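Enquirer: Next come the chains, spelled out residue by residue.
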Amino acid sequence: MRAGPFGVAAFMTLGVASAALAQSADTTLAQEGIFNRPFITSSGGTSIGGYLEGNTNWFVEDGVGEGFSMELRRFNIFLFASVSPRVRFLSELEFEHGTEEIALETALIDVRLHPALVFRAGILLPPVGYFNQNHDGPRWDFVERPLVSTEIIPSTLSEVGAGLYGKAALGSSVVSYDVYATNGLGNGIVNNAEGRTYIPAGKSEEQFAEDNNGTPSLSARVAVRRPAIGELGLSWYGGAYNSFQREGEAVDASRRVDLVALDAGVRLGPVAFRGEAVMARVQLPESLGEVFGERQWGGHLDAVVPIWRPKLAGYRDAVVALGGRVEHVDFNRGRFASTGRPIGDSVTGVVAGLSFRPTDETVFRANYRFDWSRDLVGNDRTRAAGLQLGFATYF
Amino acid sequence: MKLGTVGLMLIAIASTGCDALAPGVPTDDEVLAGTIEGMTASQVGQHLAGDEEFARVLGFADGLGPIFVAASCEQCHVGDAKGHPSFNLTRFGRDVGDRFDPMISFGGPQLQHRAAPGYPAEVVPAEATGVTRLTPPAVTGLGYLDAVDDTTLIRLSDPDDADGDGISGRLALLDPSELIESSLALEASQSPTPGSQGTRVDGRFIGRFGKKALTVNLLHQTVGAYHQDMGLTTDLLTEDLVNPLAGARASDGVADPEISSGVVANVVFYLKTLRVPPRRNADDADVRAGEAVFEEIGCASCHVPTLRTGRSNLAVLDRVEFHPYTDLLLHDMGPELDDGYAEGGAGTAEWRTPPLWGVSLQERFQGGQAFLLHDGRARSFEEAIEFHGGEGAASREGFRALSPEDRVRLLRFLESL
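Sequences listed follow chains R and L, in order. Residue numbering for the first sequence is 165 to 559, as defined by the numbering used here. Residue numbering for the second sequence is 779 to 1195, as defined by the numbering used here.
This is chain L alone, in the form it adopts within the complex (with noise of 0.2 Å):
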C-alpha cells in the first residue's frame, strides 16, 4: 500500500469528523435522566454533583454494611427509573393483635440480605406474619412531589368517602420522631413558606414517599436509604445498622457519619431537580382517547393526573403545575395486594398510589421486561391492572368491560407514559 492511499484512507476518517464516530445522545424519550429545563448554571453544577454521589459505588472501607442491601443508590435505581426484582427491599414485621410489630430486635423491619465478609447478613425471622418485597421506585421528578404544599394532599384526601365515588383516600399519619422532625425542620429552613410542610393533623405528620408513604420529604427518604439499604451514617441517622442476632453492636469501624452532610445535600439536590419522565405520543388520537377511558372507568380518581407545587426557592419548581398520575395517598388494595405487611401510617392492604408518568419506559431500565407494581409481581400493564382489588376493583372491572377498542386505547395512553 502506498502513502496516497493510506493518506487518503485517513482524509476520509477525518472527513466523516469525529462526531459521526461517536455514540449519539440518547433521545428524550429514551432515557428518564436529566435536570430540568430553566435551572442556573451553578443548579446544574450540584445537580451533577449529586448525579456522582448517585451513582457512587461505595465499599466496606467508605462505611458500607455491614449489613446492607445494595452498595449505590444507582445499583436499585438504574437510570433513574424503577429498579430491578433483584434488588427488592424486603420488609417484614408480625402482628401482634392491636398493632404490627416491626420486630426490630430480629433486625426488622427491613431486610439486609447482604453483608460484608465474615459478618452475617440477616434473615427473615419464622415469626414474622407480613413479609412485603418492594421494588425500587423511579426517582425522575421527584422534587415535584417534594414540592407540594401539605394543604393539597389535605384537600385530596378523603378517608370517609364523602364524595361517594368509592375511593377514600387517607394521609399516610407518621407518629412524630426526631428524624422527622429534622428532616422537616432542614427543608424548612431553605422554604420561602415554612409552614407548607410539616403539618400535624392530629399531631402526626404527612408521609408523601416510600411505597407506603412512610418518609415525609427527600431529605427523609434520602437519609433513610443511606441507612435502611447500603447501611451508611448521616448527621440525622449516626448509628450504623448491625445484625441484632449477630450478639454485637460492634459494626465497621469507620467513623461516623460515613456519609458528610454535603453529600446528602447534593444528592437531595439531584433527587429535587431531576426532570419529569417525557410523555410520547401525547398527541395522538388513540392516546387522547385513552387518556378519557382511564378517565371514564375511575383510574384518575386515585392516579391524579394533575397537581402543583407550592411556593419553592427553586424558581423551576415554584408553583408550576405538573402531571405525574397520582395523588401520594394511601388506598385499600384489597386482598390481591395484601402482603400482610403494615408500615407507618399504612395498614397491610394499603399503599401510596405510585405514580405512572414513566411507566412506560421502565423497562428498558429493568433488561428489557417490564415489572409493575410494588414488588414487580405484573409483568404487563393488563396484569397490574388485574392486581387491583379494593378501592381499586371498580376500575378493574371497568377495565374488564371495555370493548377491545377502548382496551387498545387506554394501552395506548399508559404507553405515552
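Only chain R is shown next, with the shape it has when bound in the complex (with noise of 0.2 Å):
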C-alpha cells in the first residue's frame, strides 16, 4: 500500500465525517487521559494504582511458526498525589516483560492557575497524537499497540519538559491545547540497528539528564471536542535530534525531525472509531542514503462494537465487544534513484478481535491479526498471521 498523503487524507476525511455522523462520545478529552484512571481521584492524599496486561501469542510468518508462548507486557504503578487543591503529582513506572526493562514513564507536577492554563513540569508524554497520552493497556480492545503508535510516534514517548495546557468552552464544544519543551528525541534514529530511519530508537534515558544538542524539542496539540460527537485532535512535534555541537563547537550540521498527527475518535451509533495518522520528516545526512526515509507516514483505524451485555450476578456493566483494526506503516516514502521506483519498507495489518470487560477496568482480549511487509526493494516479503490472547486491567 502506498497512499501516503491520500492515506492520511482518507484518515482524515473518515474522522471529520465521523464526527458529523456521530450520536454520542465519551466525555474525557485526550489531554486529561492520564488522571483518567480509576483510583486515581482528585481530592485526598496519595493514592496508588496501576495496571497489568499481559497475552499469548501464536504466530506463523510464511508457514513457519516459533510456536506458542506467553509474554507478561506490563505491570506499571501510578502514584498521585493532591498536593494541594491546585496542585496535583502523577508517576508511572513500568516494569515491561518482568524487569527485562525498567523505566520511569511518567514523573509531573501540574500547578492549575486557571481551567484554562495550567502549567506542567516533569517527565510527561508529548502530546504527540491521541495514543500517547492514552496508552494504558486496559483501555484498548486490542492486544498490540497501533504500529503507527509505535513505530512511527515512538510511544510510549516520555520526555523532559515543561509547557502548559488548558481547555475552554466554545460554544457547545470544548476546545483544548497543550504546548511543551522538552528534552526531544536524540541519535538513535539514525544511529540504530534498525538500517533505517527509525524514530522510537531516538529515544534514550540519557535524555532524562541532559539534552544531547542544547536545543529543546517543542510540541503542541490542539483539539475540539463535542460532546455527543467526539473529539478531534491535531498535533506537532519537531525539533533537533543529533548531537550538532559539542563543547560550544559545531561538528555537525543540525537536523530535524518534525511529526505532524491527526486523531479522531467519534461514535457512530453503537460503533466507536479511533483513528490516529501521522506523517514524519526527518533531515538525514546525504551520507546515509536512500536506504533510510526522508518521510514516514502511517495510521490506523479502530472499530469496537459491543455485541453482547452479558447479565452476570456481580458484573453489571460486563460487554462482549467485536472489534477491528486496519493499520499501514510505511518507513520510506521515497523512490529509488536508479531505477525511479518507490522504495518499499513498509507493512499493512488487520486484525479482527473480540473482547469482554466484565467491568470498565478488565479486559480479556482475543485477537487474529494478519502482516504485510513489503522489503526495502518492494518485494511482498512476508505474510505473517497469528492468534492472540490477552488480559489487562486496572487495579
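I should point out that these hints are in silico values taken from the structure, not numbers from a laboratory. As the structure is a prediction and not an experimental result, all values here were calculated from the model. Worth double-checking, as some hints may not be accurate.
To spell it out: a stretch of chain R is covered by chain L in this simulated footprint if at least three of its residues, at any positions, have a beta carbon under 8 Å from a beta carbon of chain L; those stretches are [stated by the list, open to error]:
no.: 1; stretch: 490-504
no.: 2; stretch: 521-528
From the structure, some residues in chain R lie toward chain L, with a derived Cβ separation under 8 Å [to be verified]:
no.: 3; residue: 227
no.: 4; residue: 354
no.: 5; residue: 356
no.: 6; residue: 413
no.: 7; residue: 415
no.: 8; residue: 453
no.: 9; residue: 539
no.: 10; residue: 542
no.: 11; residue: 543
Now the stretches of chain L that chain R is said to cover, found in silico as 3 or more residues with beta-carbon under 8 Å [said to hold, decoys possible]:
no.: 12; stretch: 800-808
no.: 13; stretch: 831-841
no.: 14; stretch: 853-860
no.: 15; stretch: 892-904
no.: 16; stretch: 1141-1147
The beta-carbon is built from N, C-alpha and C at its ideal position, and this holds for glycine as well.
Reassemble the complex: the two chains are provided individually, in unrelated frames, and hints are given to aid placement.
Expert: Structure, rendered in C-alpha cells:
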C-alpha cells in the first residue's frame, strides 16, 4: 500500500465525516488521559494504582512458526498525590517483560492557575497524536498497540520538559491545547541497528539527564470536542535530534525530526471509532543514502462495537465487543534513484478481535492479526499471522 | 447478540483450525532460500545460526562503517537472490599504461558511498578512468561452486582456444596475498583433500567468486564483503575501512575484530549449505527443446550445465553433480560489456561466467522487475543476450538467427532455471 498523503487525507476525511454523523461519545478529553484512571481521585492525599497486561502469542510467518508462548507485557504502577487543591503530582513506573525493562514513564507536577492554564513540568508525555497520552492497556480492545503509534510516533514517548495546557468552552464545544518544550529525541533515529530511519530508537534514558544538542524540542496539540460527537486533534512534535555541537563547537549540521499527527475518536451509533494518522519528516545526512527514509507515514483505524451485555452476577457492566483494526506504516516514502520505482519498507496489518469486559477496568481480549510486509526494494516479503489471547486490568 | 451466537462464532473460528488462519509456506519454486536436503540436525542448526547473522542488521555501535555500502548481508542479497540496483557496488580505478591502478589512496577500488553521520562518504574521484557497477549476486548454491576442485576449472579452461570453438575461458589468476593464503589454509584444514583447492598456477591462485572472480573461496568472499561492503573487521581483515580523503585514520571506535570468527564461520557455513535454486517445468517439451537450442547456439560453452564437486567433509556436498550453468572462468565479453575497469586477474572486458541457475526467479526479489547482467542494465533475457559481445558474440548471432519458435523455446528454457 502506498497511499502516502492520500492515506492521511483518507484518515482525516473519515475522522471529520465520522464526527459529523456521530451520535454520542465519551466525555474525556485526550489531554486528561493520564488522570482519567481508576483509583486516581482529585481529592484526598496520595493514592496508588496501576495496570497489568499480558497475553499469549501464536504466530506463523510464511508458514514457519515459533510455537506458542506467553508474555507478561507490562506491570505499571501509578503514584498520584493531590498536593493541594491546585497542585497535583503523578508518576508511572513501568516494568516491561518482568524486569527486562524498567522505566520511569511519567513523573510530573501540575499547577493549575485556571482551567484554561495549567503549568506542567517533569517527565511528561508529549501530546503527539492521541495514543501517547492514552496508552494504558486496559483502555484498548486489542492486544497490540497500533503500529503507527509505536513505529513512527515512538509511544510511549516520555521526555523531560515543561509547558502549559488547558481547555475552554467554545459554544457547545470544548477546545483544548497542550504546548511543551522537552529535551527531545536523540541520535538513535539514524544511529540504530534497524538499518533505516527509526524514530523510536531516538528515545534515550540519557535525554532525561541532558539534551544531546542543547536545543529543546517543541510539541503542541489542539483539539476540539463536541460532547455529542467526539474529539478531533491535530498535533505536532519537532526539533533537532542529532548531536551537532560539542563543547560549543559545531561538529555536524543540525537536523530535525518533525511529526504531524491527526487523531479522531467518534461514535457512530453503537460503533466507537478511533484513528490516528501521522506524517514524519526527518532530515538526514546525505551519506546515509536512500535506504534511510526522509519521509514516513502511517495510520490506524479501530472500530469497536458491543455485541452482548451478559447478565452476570456481580458484573453489572459486563460487555462483549467485536473489534477491527486496519493499519499501515510506510518507513520510507521515497523513490529509488537507480530505478525511479517506489521504495518499499512498509507493513500493513488487519486485526479482528473479540473482547470481554467484566468491568470497565478489566478486559480480556482475543485477537487474530495478519500482517503483510514489503521489504525495502518493494518485494512482498513476508506474510505473518497469529492469534493472541490477552488480558489487561487496572488496579 | 446472544451467548449462543457468540459461541457459534468461536466454534466456527476454531473449527477452521489454526493452520487455515496462517500464511502457508511458499512453494519450493517461489523461493531460493533453504537448506540442502540430507543435512544433519546439528548442521541445520549451524545453517540457521548463519542465516540469522546473514540477516542481522548492524548499527554503528556494532562497528558498521564508518564508510559502508549496506548494513546487513541480506540488504544486498534479498531472499538470497540477486540484489537490487540500489545496492550496486561501485568500483573504480585508472589505466596507467602498463597496469590498472586500483586507486587505493583515493579509497579505491570499491566505493563506500554511505557513511556514519558526521563522517565523509567516498565519491568516485575525477581521475578514475574505469568505473563499474556490480549488482549483488544470488548466493544460493554457492557451496557447490565452492566445492569444485581446482582441477576441474583447469580442465575447463582453454585460454588459447585450442579446441577452436571461439571460446577461450581463462582461469582468474590472483597474485598471492596473506588474505588469500589464510583463507585457503583455514578451509584446507577442514578438507579431506587439502590439496584440491589453492592450486598455484604460475605462482598464482585461482579465483572463483565475484563478478571478476576476485576471491578464491567462500571464506575469502565473506570476510571481504564484511570489510568492503559493511566496514566490519574480522580476524582476517583487522583494519577498519576509512576514507583516505578524510585525512585521519580514526574510524568507529569499536574494538576489532567487530565480527567474531564464530560468526564468520556460521555465515560461511550458511552460504555453503544453501540449496541449489529450484528448476521449474524442467520436463516440459518446450523447455527441453529450448535447452537443446541453448547448446546448439553455443551458450553452454561458457554456461556449462553440469559440474561435479570434489571430496568434501560435508556429505551433502561430497562428489555430487549439479547444474549451475557456469564454468567459473573469465571470458572476454567485448566492448558491449567493457566498463574500463580491471580487477584481480580479469581485464576490463572480462567477466566470470555468472551461473544461470535461479535466473528466472530473481525478479521476485528485485521488486518485481528483473535487472540482469553484472550491473542490472538488461531488463529481459533478450536484452541480456544482445549485450553479449566478444566470446559471446557468436551465440548472440545464433540467437538472432533463430526462428521465432526456437526463440520462444529458448526463453522457456531460461524461464525454467
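Enquirer: Each hint should be assessed against the structure and marked as holding or not.
Expert: Hints and how they fare:
1. 490-504: holds (count 4)
2. 521-528: Since three or more residues must qualify, the claim that chain L covers the stretch 521-528 of chain R is violated, with 0 doing so at under 8 Å.
3. 227: holds (3 Å)
4. 354: holds (6 Å)
5. 356: holds (5 Å)
6. 413: Violated, because the Cβ-Cβ distance from residue 413 of chain R to chain L comes to roughly 13 Å (cut-off 8 Å).
7. 415: Nearest chain L Cβ about 6 Å off; hint holds.
8. 453: Status holds, d = 5 Å.
9. 539: holds (6 Å)
10. 542: holds (4 Å)
11. 543: holds (6 Å)
12. 800-808: It holds, with 5 qualifying residues against the three required.
13. 831-841: With 6 residues closer than 8 Å to chain R, the stretch 831-841 of chain L meets the three-residue bar; holds.
14. 853-860: holds (count 3)
15. 892-904: Contact hint for the stretch 892-904 of chain L vs chain R: holds, 8 residues under 8 Å.
16. 1141-1147: That given contact holds, which follows from 6 residues of the stretch 1141-1147 of chain L lying within Cβ reach (below 8 Å) of chain R.
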